[in-house]
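Residue numbers (full-length UniProt numbering), protein chains in the order written: chain A, 1 to 250; chain B, 1 to 250; chain C, 1 to 250; chain D, 1 to 250; chain E, 1 to 250; chain F, 1 to 250; chain G, 1 to 250; chain H, 1 to 250.
It is possible that some hints are incorrect.
Said to hold, decoys possible - Straight-line Cα separation of at most 25 Å, DSS-like style, residue types lysine-lysine; simulated pairs:
hint: 1; chain 1: H; residue 1: Lys17; chain 2: E; residue 2: Lys17
hint: 2; chain 1: B; residue 1: Lys17; chain 2: F; residue 2: Lys17
hint: 3; chain 1: D; residue 1: Lys97; chain 2: A; residue 2: Lys17
hint: 4; chain 1: C; residue 1: Lys17; chain 2: G; residue 2: Lys17
Stated by the list, open to error - Taking beta-carbon pairs under 8 Å as the criterion, some of the chain D residues facing chain G (in silico):
hint: 5; residue: Thr128
hint: 6; residue: Ser129
hint: 7; residue: Tyr206
hint: 8; residue: Gly207
hint: 9; residue: Ala208
Stated by the list, open to error - Covered stretches of chain C, going by a simulated chain D footprint (3 or more residues, C-beta under 8 Å):
hint: 10; segment: 132-141
hint: 11; segment: 148-161
hint: 12; segment: 237-243
No wet-lab data here; the hints were simulated from the structure. Given the structure is predicted, the values throughout are model-derived calculations rather than measurements. Ideal placement from N, C-alpha and C gives every residue a C-beta, glycine not left out.
Protein chains: 8
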Amino acid sequence: MDKKETRALLEQVAQGKLTVDEAVLRLKRQPFEDLGFAKIDHHRALRQGVAEVIYGASKTPDQIAAIAAAMLRQGQQTILITRLSPEAAAQVGTQVKLDYREMGRIGIVGALPRPDGLGRIVVASGGTSDMPVAEEAALTAEALGNETLRLYDVGVAGLERLLAHLEELMSARAVIAVAGMEGALASVIGGLVDCPVVAVPTSVGYGAAFGGVAALLSMLNSCASGVSVVNIDNGFGAGYFASMINHREA
Amino acid sequence: MDKKETRALLEQVAQGKLTVDEAVLRLKRQPFEDLGFAKIDHHRALRQGVAEVIYGASKTPDQIAAIAAAMLRQGQQTILITRLSPEAAAQVGTQVKLDYREMGRIGIVGALPRPDGLGRIVVASGGTSDMPVAEEAALTAEALGNETLRLYDVGVAGLERLLAHLEELMSARAVIAVAGMEGALASVIGGLVDCPVVAVPTSVGYGAAFGGVAALLSMLNSCASGVSVVNIDNGFGAGYFASMINHREA
Amino acid sequence: MDKKETRALLEQVAQGKLTVDEAVLRLKRQPFEDLGFAKIDHHRALRQGVAEVIYGASKTPDQIAAIAAAMLRQGQQTILITRLSPEAAAQVGTQVKLDYREMGRIGIVGALPRPDGLGRIVVASGGTSDMPVAEEAALTAEALGNETLRLYDVGVAGLERLLAHLEELMSARAVIAVAGMEGALASVIGGLVDCPVVAVPTSVGYGAAFGGVAALLSMLNSCASGVSVVNIDNGFGAGYFASMINHREA
Amino acid sequence: MDKKETRALLEQVAQGKLTVDEAVLRLKRQPFEDLGFAKIDHHRALRQGVAEVIYGASKTPDQIAAIAAAMLRQGQQTILITRLSPEAAAQVGTQVKLDYREMGRIGIVGALPRPDGLGRIVVASGGTSDMPVAEEAALTAEALGNETLRLYDVGVAGLERLLAHLEELMSARAVIAVAGMEGALASVIGGLVDCPVVAVPTSVGYGAAFGGVAALLSMLNSCASGVSVVNIDNGFGAGYFASMINHREA
Amino acid sequence: MDKKETRALLEQVAQGKLTVDEAVLRLKRQPFEDLGFAKIDHHRALRQGVAEVIYGASKTPDQIAAIAAAMLRQGQQTILITRLSPEAAAQVGTQVKLDYREMGRIGIVGALPRPDGLGRIVVASGGTSDMPVAEEAALTAEALGNETLRLYDVGVAGLERLLAHLEELMSARAVIAVAGMEGALASVIGGLVDCPVVAVPTSVGYGAAFGGVAALLSMLNSCASGVSVVNIDNGFGAGYFASMINHREA
Amino acid sequence: MDKKETRALLEQVAQGKLTVDEAVLRLKRQPFEDLGFAKIDHHRALRQGVAEVIYGASKTPDQIAAIAAAMLRQGQQTILITRLSPEAAAQVGTQVKLDYREMGRIGIVGALPRPDGLGRIVVASGGTSDMPVAEEAALTAEALGNETLRLYDVGVAGLERLLAHLEELMSARAVIAVAGMEGALASVIGGLVDCPVVAVPTSVGYGAAFGGVAALLSMLNSCASGVSVVNIDNGFGAGYFASMINHREA
Amino acid sequence: MDKKETRALLEQVAQGKLTVDEAVLRLKRQPFEDLGFAKIDHHRALRQGVAEVIYGASKTPDQIAAIAAAMLRQGQQTILITRLSPEAAAQVGTQVKLDYREMGRIGIVGALPRPDGLGRIVVASGGTSDMPVAEEAALTAEALGNETLRLYDVGVAGLERLLAHLEELMSARAVIAVAGMEGALASVIGGLVDCPVVAVPTSVGYGAAFGGVAALLSMLNSCASGVSVVNIDNGFGAGYFASMINHREA
Amino acid sequence: MDKKETRALLEQVAQGKLTVDEAVLRLKRQPFEDLGFAKIDHHRALRQGVAEVIYGASKTPDQIAAIAAAMLRQGQQTILITRLSPEAAAQVGTQVKLDYREMGRIGIVGALPRPDGLGRIVVASGGTSDMPVAEEAALTAEALGNETLRLYDVGVAGLERLLAHLEELMSARAVIAVAGMEGALASVIGGLVDCPVVAVPTSVGYGAAFGGVAALLSMLNSCASGVSVVNIDNGFGAGYFASMINHREA
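Isolated chain A (complex conformation) (with noise of 0.2 Å):
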């Protein structure tokens, strides 16, 4: 509750027009609907008039489809199931029509909404190991009303599969730099362009790769300027981070 709301409520109850137990309970009301497992918060949505999430990992099947059923209900477009297993995808699709991308492990219930940021993503990959967790980038920043252009299998072992995309790097609002292994990729492509690169470590990679440690720690010790990191394979959190960038009112 902000300072006008504050403001709005106090004037109510100078006025009369609101007791003091009224207004202490709704000082006190909470924005959000509890399902007993899980607390929708229905402000959250409202806000951004896009996607809303949820994050299916830790959640039954019957939970997430009663979750999205919830949130229908409640006006939703575009509900956005992320870290979703294909088994749990088929089961969640009996209860809920459901557009299952498997290689992002996302289900969308809805329709994607159209693109209404300041420019376009470009989703960047090192590898076709990395692909999974560029693709949870690429449709979550689609599902939050972005355009998005994938470059994937641009790893800096072959420079010129990188240089061949310079042009479309160059005129993104922001790129999602996902690599594994040695994590060059964020590196090179932040010194090449002039947007914000938000940085993916994925897990890929054996031995010393340390289950994404490298590929982290590489990110976080970029030499280029405008470079920032997200959780290792958290493909999620930077598709979401780069659409609040592309968007004026994130």
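Using the hints provided, position chains B, C, D, E, F, G and H relative to the given structure of chain A.
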């Protein structure tokens, strides 16, 4: 050299205005000035129209002054020198006119540009010990043409201090959250605002703070969406990144 | 054997009521029953008057049932079995009467004692995935004679959910804060309440959560005073510790 | 501002005793005094009635003296200054009357309060090198109104030293166990006593002690129930936490 | 080939009893039998006169049986097979006569030798979960000709259990201390006895036990003198090392 | 596109043989074939004249077979498929003629080239468990045109096994030292030979081997000069690197 | 107080030679002298009949001198002071007669005892930088009544240096292997000798040596049997442990 | 002593030219000169015919000068002294004629040999802070008879700087890639060239650079083939290794 410049060059060759040898030479000509100990990239300076940055930590005062002088000769209006110790600042100041801000260990040559961003960048920090990093972030953002608001000493252990500034936080175009120890500030702010939060872990703390690792991990694992992270103590990186967010043409 | 018992023993020897050999024997006599695979410390059970605990993770269902039976024979009223899988619970249940709580993976033999603590223990958890650990803590506290209040899904990314329960938090004798990912919940609660906060990091999260390490470090570095920490996922330890705080004679 | 205060405020508005503008202002008024470099939370001071604490490590002697003076002006009886070097203490002492305890690096302004806790806090430490941290804990507890008993140099390698004090240990309301190296003291005491044990790992040791990490891990994995842990070398935190345990109204 | 053998060889050459070519060949002759997948060092077997050891973890049952058969052909009396799963044991048992001890995952071919050491080796373990590693150590010691005494479930959280066996501990020639979690057992025993303590950290525990790292660090930092450490879960190594201590001619 | 090609292109433009638009297009043309899920760099294949490599771990059998078929169409003589499981190999084998070597998990399409290197590459490994990695290295080297010699089971605990092959080691052009556990093999060989030693740590071991980290650190800290290191279990990388050393024109 | 002493005490009570109060007092009497800053365990000194040890690192010269004087008063013949800096040695030397060995940072008060062990202890070290730790080990062993042989600068990179001393190594009762960097010395010696090898990792090295961690891990993972490990740089611990091995009654 | 020498020795014995005692003595004679504090291996020096190396970090100036003098007496033409501080260099310079290169902390005694390698070694470094390590590598290579080319300040954040030198890179026999921070330089160069790349991580950077660990991991995980890695800051090791590659007879 981008596509447009390549085309122009080729057209000059086609029109006989440029010999093949000259073209080869030009294609190889380096867009930076070589001072022996450093290569200054004037392209980047011109492209951004705002401040050029000198990383002061690994350079002698004489080197810093020489680089700054070269930049001024190229017409640079504002030069930001980061990680500048008071001793080095005193020496640099004998050779170029320097505005030194000790808290953020930053020296400024020339005038700060007028803010021309989309909105305001809020720089919030947890404790007094985090202030040097916060100042580095704030001054960097200002040198790159941003209006800033500093909210210092608003750590989560005294939540009322942070909530007292909710309005300012919610009206920001980007928030830079600077915190050491457990780094919870980023998550709490990330849950309150709707704009991108750039988190800067600091090396403040002792014992299991591990020189900023605890805060770094905390920020990478933020349960709030819309948070990305830069390196420990990298106030400059956060200011630079937030400035990109705050400018349509970064 | 404490000083008073030693004195009594010596007096019996001095009075000729006890031979030297018997005294030596008694000094060596073990205050525990040996089942072959485990030694049951009946002193501890009697001393506390409340529940005896069986750590179920490393024992077979038969061993668990045998230990519980031996405890019941000694007159134990309540027995708490932690880390008990549904499969093992089913098997144990065929041998002793068992109240199994699946969420917290806890089995209870006998009735829960009436609360006799100084106040109430609040168990707060960040997300739905943290609930198993939170339940282990809450059930442990209840089995040890405490009134508890559960506040689940009050993570710091939605601060209003937590603040809606400020009154309950502030009236607690102790708070158990259960959180994974960045573990900020402990710090935020620590800054709000004036009672001890026992923090339990959970292994919830992925990537740089490192199986609970991020939350553990975050909690150890809490900027709020009055926070101490137990091992990752150690809900039992937190419930036990909070119960000690909540009892004059722990 | 808690619920009762909110209600009182609203009633004043309803009764016309307070204008809406004044109410808004009051809701925003910060319950702390701003000295520029630090915000002093007087609410907290009044609430606890005992000592206010200044963390000395990151402040100049002038800042420390200024904060202490402000606290005294507010009527604070006892002020505890932690992590205060002898040099800083000498300087602070020229501005406020200071009782400096070098071993624990603690300065005390005003008189120590009379103990008013439920029982006694025992501070046990492993070796002579752990004494500074143990003293920080003991002095903190005393400044917060607790009777303490120091048992130093009772490391587990000479078990008879510890067992010689079994009676004192068993009669404590809380034990603070301070140990570096392998940190086994916490487990051994935890197995002997029935009150809460607050374990403080210290950075004492070399090689694979890793600045306290070995002791920290050892304490987190204590096989004894009733042990919780604070940060490495955090004697203050342990004293503060134990004091909360030892006071009905912490 | 030691100095004495070299001299004998050279004297044979000098006396014309051996040609130069034969001598070169003999100097190169390998003292081991090559089975293709493994080289068996018969010198070592003969030298020690006791058990030969086969590390079972990385070999197929057929390979194990073949190696054992070759050893028997060479006259080996006792063969110890470590890290042998019940499944593999069943298969090996169809080819050679095998005494399988499941708890320690050890198979024995031939008879255990009569103890011929200087004294007795005590194997102490902290909890029931540590028993497999303790058994591996005890059986290894027995196979190498040592009398052993097992003291299991004597963890430091119930000190009286350990102290009840003080006499046995103090009369040992060497103690093997096996413990997971915080590994304090090694320090406590090391402070009680005057013989060498070989500490074996186990991977028992969860969370911050980090698969035995906490116990390992704890043991390396033991504040008691006379403690040395082997790898996590390396019961065999501890039994072997203790046997060397217990034999004048190891 | 190197300098010479650039000059040729420009000359064609200058001579009117190529329009500006065509030249721009050609400068952007990619030197690789795009199969949708992978981009094949035929330049690299032609340049080296030997085997092309497919990293099998992250590809489906169908993808592997399709890539191999495309390579064969381009005239590739030898194709090496690494990290190929027996199951995948069986499937790939139904589509292309495949020589599968299970120990090294490598599939070969086409004939192995005749060795054309400067000398011989010796592949030495510590224990039988290291053999899969050693085989990956040896087969890679052979596929790239090198003569190899395998010295397996020559770990430093039985130094005589290694010294028996001193002559072969000293006559190598490069040695690949493959070892897990403590990884001492690289240092010992590095001290014996005068050629480059490429060290491959393996994930063989348990406990404090930490999945190859112990061997990795050991090898990086080799006290012998002339040792460099590749990633844990990276037999392919070592074979590739050694082949470069063994060819004047790598 | 062991069983025999307890019996004697009880018999005195039974015979009326000792009152109950006196017995209680005696049972509580500490077998150590309390100097305020340290408790001296005279029992241990008498028990071993050889040198008593003072850990010098954390004590002032005055404290060290006072402890040594108290020990001399109790009749101690030899006192070993470890981790004694040259500056502290100079000061201690003004108060007690001190034989200071700078290389091993050890001071000796009184005469070294005559060797009375079962055999000889060989102290081998890898490089010249490891010599201080090796000297600490060797002098400790000598002060505890052992004959020693030093083999320094026999690192595995020059294997011939080590092999030149094979005979001395093979005739030792115990070998102390001191090495930094990759720590391979322990494995190589462990493979050559049949006596126990006590490995001491040193903090010698840089970069990925991580202050001795690389050597520590290497030694813990030794592929040779019969190797155990002490803390990084713990020469004293190795000397003490090897002395126990070398004495029937340690 | 290799096989040929052994045969010659044995033939002398067979021919009566050498007594058995003399032969035994000779077999044991050490191929190095013992200066007390160091053993100089003259065999190695003669074998390589180029520079002998003294690791200066752990030696006193007097020791360094003595070793150098002994080497000169043996006829060594070039002596390389690494890790030599300016202060030590000044002192050494008073005893032997020394050419000191401060940037690389290297001293050279005697003349640099004429290059006799197969090709040229390129030393590329990321930033100015990496130059000391790069110089150590370059000077080492030159002292071992290699032609070198230095490409400094060619970090991947300004890719055009690196691409401007593509021709030099592609014509190298080996490239040494020196980089701190994220260490991406090795991968990018590895993708551009066809010769072996020896990667040297440096300790340049701050925060999550962890003293070179980030760069080390990045390089170990390089997605480009043909990259191997040496220890952090080990310029000498890289120069030595590259020289071996560049010489048929290393």
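### Query
Are the Cα positions of Lys97 of chain D and Lys17 of chain A separated by 25 Å at most?
violated (57 Å)
### Query
Going straight from one Cα to the other, do Lys17 of chain B and Lys17 of chain F come out at no more than 25 Å?
holds (17 Å)
### Query
Is Lys17 of chain C close enough to Lys17 of chain G, meaning Cα to Cα at most 25 Å?
holds (17 Å)
### Message
Using the nearest Cβ pair, does Ala208 of chain D come within less than 8 Å of chain G?
### Response
Result: holds, 5 Å to nearest chain G Cβ.
#### Entry: Coverage claim, chain D over the segment 237-243 of chain C, checked by counting residues with Cβ within 8 Å (three needed)
holds (count 4)
### Given hint Tyr206 of chain D near chain G, where the shortest CB pair must fall under 8 Å
holds (6 Å)
### Task
Take the segment 148-161 of chain C, compare each residue's beta carbon with every beta carbon of chain D, and decide whether three or more fall closer than 8 Å.
violated (count 0)
### Query
Going straight from one Cα to the other, do Lys17 of chain H and Lys17 of chain E come out at no more than 25 Å?
holds (17 Å)
### Task
With a cut-off of 8 Å on the beta carbons, see whether Thr128 of chain D makes it to chain G.
holds (6 Å)
### Query
Counting residues of the segment 132-141 of chain C whose CB is closer than 8 Å to a CB in chain D, do you get three or more?
violated (count 0)
#### Entry: Restraint satisfaction for Ser129 of chain D [CB to CB of chain G, less than 8 Å]
holds (4 Å)
### Query
If you take the shortest Cβ to Cβ gap from Gly207 of chain D to chain G, is it below 8 Å?
Given a least distance of 3 Å, the restraint on Gly207 of chain D holds.
When each numbered hint is compared with the structure, violations occur for hints 3, 10, 11.
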